[in-house]
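Asker: Under the numbering used here, residues 1 to 231 are what the sequence shown spells out, in order.
Just so you know, not all the hints are guaranteed correct.
[To be verified] Only pairs whose alpha carbons sit at most 20 angstroms apart, straight line, appear in this in silico EDC-like list of lysine to aspartate or glutamate:
1) Lys65 / Glu55
2) Lys105 / Asp52
3) Lys105 / Glu84
4) Lys65 / Asp52
5) Lys105 / Glu162
Don't read these hints as lab results, they were simulated from the structure.
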Amino acid sequence: LFGLVLYNNPFFPLQISSKGLFFELMDVLFLVSFLVLLLFFWLVMFDGLWKDPKERLFLNFYFPKILLVGSFWVTAMVLFFWTEFHQLSNAGVRVYEIQGYIFFKLLSVAILGLYIFWLAYSICRSAFFRSRAMPEFEARVKFFGMFSIIIIGVTIGGIVFEFVGPSMHNAIEFISFLALFNLYVYTLLFAYLPAKISNQVEQVEIGMIKLEEDLDTGTTDDLKLGDSTID
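All chains should be modelled from the sequences, with the hints used to inform the complete structure.
Answerer: Spelled out as structure tokens, the structure:
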């Protein structure tokens, strides 16, 4: 949710009114950081579904993912900011004419290729593991998983084909991805809220246990009272 606030750029009015590069750099920083947070979340989520919690140590579970998405953060920051700088200096410049653009573009695509391979492997392993361990998996979880996979495909496609970032072609693309990312993050927020129904079920179960204890106590007292009457 904090990343979404950054992606929505609370400094956007200052960016429009200011002529300096500072707020342009902040906009690129917010965008790339939000994308990297999403990539890291997806990789951790799907890779963690089929691994035992005891295996999720920092060095062998989190650190390789941080290294991969961190490498993409560096290359994307250089690529996006370098593009933004040249477009502000010369509005008619073509991105492919910018010095160093092709190199960082290919490097970013290569890192994304490694990410896609790792994520696809994790998704397949998670689907196989969950289908065997929990065949009655909740429909809500299945829907959320499929929705996440669609968002992953749209996000990676938007990065590769330059629909996301300073090279986007029109305002429709900007508004579409802005609405899509906001919808997805708020869906995440809803999905990770504590389930009220489960709490109600637990309360009912606790109430039934107490009722059974009271009935057992009452039955025992009645038996004791009957025995004392006979005596």
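Asker: All the hints need checking, so say for each whether the structure fits it.
Answerer: Cross-check of the supplied hints:
In summary, the hint linking Lys65 to Glu55 is supported, as the alpha carbons are separated by about 14 angstroms, within the 20 angstroms threshold. For the given pair, Lys105 sits about 36 angstroms from Asp52 by alpha-carbon distance, which is inconsistent with the 20 angstroms threshold. Pair hint Lys105 plus Glu84 holds up; C-alpha atoms about 14 angstroms apart against a cutoff of 20 angstroms. Distance check on the hinted pair: Lys65 and Asp52 sit about 17 angstroms apart at the alpha-carbon level, within 20 angstroms; holds.
Distance restraint check for Lys105 and Glu162: the Cα-Cα separation of roughly 10 angstroms lies within the 20 angstroms cut-off, and the hinted pair is therefore satisfied.
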